[in-house]
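Make one complex out of these two single chains by using the hints.
As given, the protein sequences belong to chains R and W, one line each in that order. 127 is the number that my numbering gives to position 72 of the first sequence; each next residue is one higher, with no gaps. 228 is the number that my numbering gives to position 244 of the second sequence; each next residue is one higher, with no gaps.
The calculated label-pair distances, taken between Cβ atoms and stated as ranges, are: (1) Glu208/W <-> Glu262/R: 44 to 54 Å; (2) Asp139/R <-> Pro265/W: 27 to 37 Å; (3) Gly45/W <-> Asp101/R: 55 to 65 Å; (4) Val303/W <-> His207/R: 28 to 38 Å; (5) Glu112/R <-> Arg246/W: 29 to 39 Å; (6) Phe263/R <-> Ile23/W: 16 to 26 Å; (7) Glu262/R <-> Asp198/W: 51 to 61 Å; (8) Leu162/R <-> Val303/W: 24 to 34 Å; (9) Glu264/R <-> Val40/W: 22 to 32 Å.
Hints in this document: simulated from the structure, not taken from any laboratory. Just so you know, these numbers come straight off a predicted model, no measurement behind them. Where a beta carbon is used, it is the ideal one built from N, C-alpha and C, also for glycine.
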Amino acid sequence: MTDATSEPGSGASDDATAVADAITEPAPAESAAPEPEPSGPSPLGDVAAELFARLEEELGDAILARAENHGTLIVRVRPDVWSDVARVSRTRLECDYLSFVSGIDWLPAPKEGGDDDGDTSSPAQPSEQTVGVTGGETRFQVFAHVQSTRRHWGVTFKADVSDAAPEVGSWTSVYPGADWHERECWEMYGINFDGHPAMRKLYLPHEFEGNPLRKDFPLLARVLKPWPGLVDVEPMPGEGDDEAAPTPDGGDS
Amino acid sequence: MSTTNPPEETMPDIEIDPRDLRHLADAQMNVELDTGDMILNLGPQHPATHGTLRVVVRLDGERVISADPVIGYMHRGYEKLTEFRTYPQITTLINRIDWLSSFANEVPFIDGAEKLMGVTAPPRAQYIRTMLTELSRIATFVLFLGEMSLQVGGITPAFFGFRDREHILNLIESATGGRFHPNFNRIGGIKDDLPWGWLSETRSAMQMVLNSCDDFEDLVAGNEIFQARTRSIGIIPGELGATYGVSGSNLRASGVDWDLRRDGAPYLVYPELDFKVWTHPDGDSYARYMVRLQETRESARMVVQMLDQIPEGPVMAKVPRIIKVPEGEVWVETENPLGQMGYYIVSKGGTGPFRVKIRSASFSNVSILPWLLRGVYVPDVITILASLYFILGDIDR
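Chain W with its partners taken away, still in its complex shape (with noise of 0.2 Å):
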């Protein structure tokens, strides 16, 4: 619509080209024809679904009347893999189940088999466990806080989470020997003890997790684009998220005061350590975000504290060469980065379970997808699925 035509009775007889006019012609047409829905795919292979998590969206212009997640792209069977291993081969294959936190993963598995044979680990061993699991709930968290901004078009923080990632993974590395799958449980204990300088070297990286927490506080929670494109954005309400299973941060971003470090059995050195638990009440991706933020700094101050707690002795409690697990049914559940990670283990005695059933945290995390972005527009599909902060291995097993 120019402003500046002349008059019409002034106007030379010029030819018009119909190419000029084809706006107009555009704009008719999107009067008349109705929008129809459209169907899209997100995903199997797409850079912002961390993995191949496919969801079908049916949406209505940008806005999602439908989502429907399709899962099992990378479904590998470990549930009927377990029926077939010996307890120790099985801690190889669940290392692989929420690959950004292996050693998290081994715990409740190994935890749940000692139960069963009325092993303890040596008090030592539960500090050196304890600690890796916290690292291991650092180096994933530090990842989200950097990709989480990836999302919203902050490259930037997307640099600080691998790096500080990659601290501590080589500390993980040099105590287990493992970048990724460390496999580094054992019935009855751990494999090694700490190598020398671990403790002192620990101590200052976690030092640098805090500051860099202060870096992803400032950089990416205070930053008003990046509240813009999270706040009241996918909301969760806290009661619907527990049926749904929805466990861990997630859950506790929506106000629901519940971390099985605290309020679950008592499982490696957690009642002896003092930290807090963060909750938000708002449930939407912010709030997913700062809870996360503020868990990492928990995790690190609480691995300060191991190191000033940690004691001697042995790492390894006299178990048979070859394990047996007696006859016998057990539950067992931990806190993991990602969520509620536990195991359902049966065992009739052999030298393998006769049936594990996996609960892993991402596949009911996820399950909420299909209620939580109805009626969202396109681009926050993709903050709210990385808010959520899921590992395909986790939801497929």
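The shape of chain R in the complex, shown without the other chains (with noise of 0.2 Å):
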């Protein structure tokens, strides 16, 4: 029963071996003196300005865009160095921690109903397509968010990947945890990780045909049955009719 224990740790050797040689590149030892970036839109934070012109030293010009965004990083890079940006951060931004990856559709939401039948079926959504805060060309991005553990920063990474091929390379040879991510963003999105070691169905049935999160794909509970909408919804005092609400001045009847 005790030698059970050592097992984990032999299993364990070739991964660890990894992030081992993977961590042992050389820290950044200048301290990347904080400068703003003439072609950014606004300036950044200290801690931003500092994992930015760490990126920008490996990157270079595959940086496209980046903001600083209710504190958070966010920087888009060109889709055919996604892989790097990995090893870019796990070794150059100490980010050790893989918080998630996945993907958006900036398609606009088809809107379901007519508009003169008071359907409420889905939020009001704008009609035209947007990109969120960073920009974009294409209907498609992956985004991931990274973390460190020791320096308590992070860094959300974004790109754009074609809609015809969506395809970008895999995260798993840096952050093992991206292995279920990339398996959902797959088959959620249709986005393929170039590089994954098996990339099949994580949630869906194998036998599913579609790709749900897609904003083209409809919600089958809707298709099924039709919102009843606004047959529940009652008018509010003060909103709209004011005529409707009973007002202090002889409103009662």
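Next comes the structure, spelled out in structure tokens:
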């Protein structure tokens, strides 16, 4: 019974050495003086500026846009360097913790129901396509968040992927935890991750067709049974029709 | 092998029943036959799996060669559903992600929506949110402290765990109206103020929690059998655990000193509280038990601190009746009982979000299982699964 305890450790050795190799790259010695980027739309905070300076040193012109959004640095990179981003964030940014990898579909959601029948099945959404705080040129984007458990900072990365053949490199060789996240993103958005060891369905049944989180994939519950709509919505006092609402100066009968 | 057989020559001619020799035949068979791999399904329905986690393990004898968790039996598509709901409706959904600590699920989502809207909840509301979050943590952890011993054969502490959880759930119910799914957070504050007498009731309940933590420490953690079954079983190296996204108590039990309540972006009233972040260097099942035990105590102490400090005032900020969140995106993360819970909310200015990425803790905590279970023995599989402490709704979302 006791020798079982050594077994997980030996199983760890491959991964652990790989991890150790990745870590032994020299940490940046220079203080990376925070210099505001002239092309940037807004100045960065101290932490974000240092992170961005380290990133720019490694990735250079592969960085397409950056923004500091509610205290989080968001960097949009070219899709062909997506795998390098994982390595750089692990080694240069000291981000040892993978929070998530996921995708987003910027296509406006098709409106369900007509405008006149009071269909409230989906919350009001704008009809034109927008692309978030760091911009973008394509319908699909992958985004991921990594953090440092020692330095307590985090970065969100984004990359455009082409509509026709959405594919970026896999992060699994650097962050083994990306395995499940990428499988989920693949089945939900149809974005392939090149270099993933075993791409197969995670949540969905094997025979499932389609990518449910794409905006043009309908919510089947609403297709089978339409949302009742406005029948259970009563006008609120003071909103919209003020005549119907009882007013203190003689509204009651 | 009986040693009392008489010598052969003195044996009379007796008939030997062939059935008596069957064990010899069996032994012979076992020597000659190669032991093949066996594939064993743990779950989807199994008393020890806390829901419908199915783990397909390949066994060589008693030893696990490979383990493959099969998830998705409870996948409810929350990320899709959020795109069809308004913000106040979504808190109802996300209550069901981690159903043991529902209140803690609401907090980061509401926090994110408030950040986008530029609304801040009043201080009293922040205090009540923090207290209920910590009460959720205690309710989650005392159940673990009892259940963990159930996995190694100790039945009694499990009842203690349920008993203590009941006290906490009563407190949550009296404040929010819901035992499991409070749905109590509103954008801009909380639904109601605390009922009369709740503060003194909570104070005595926290003393009870501290007392029963002592019981758990003596009864479970100090038990030799428990230690033999959990010490140096299922070791997660901290560095590797982080790359898998293992978070919360599981990562702190591997020696990584990282707690979002202290180290993340400031949220709720944690910056005003004095608390210690517990870690354990070992990274095994026992370490995970001990870290959660200490965190339960720490949470009880934090609640008592908040009971002393809670300010008077309103519990709701001024917000419009129809919640419309301006365009933008925000990443919010909190330290939930099971680990890092985060929402990436993308808003396009409507009454509902455009995209919500739900980062749940158990999903990443369980994703290390294929690595972690390799090479362990079958009985340890159960203790490792229990010590990781996942909730199926938190894996499948």
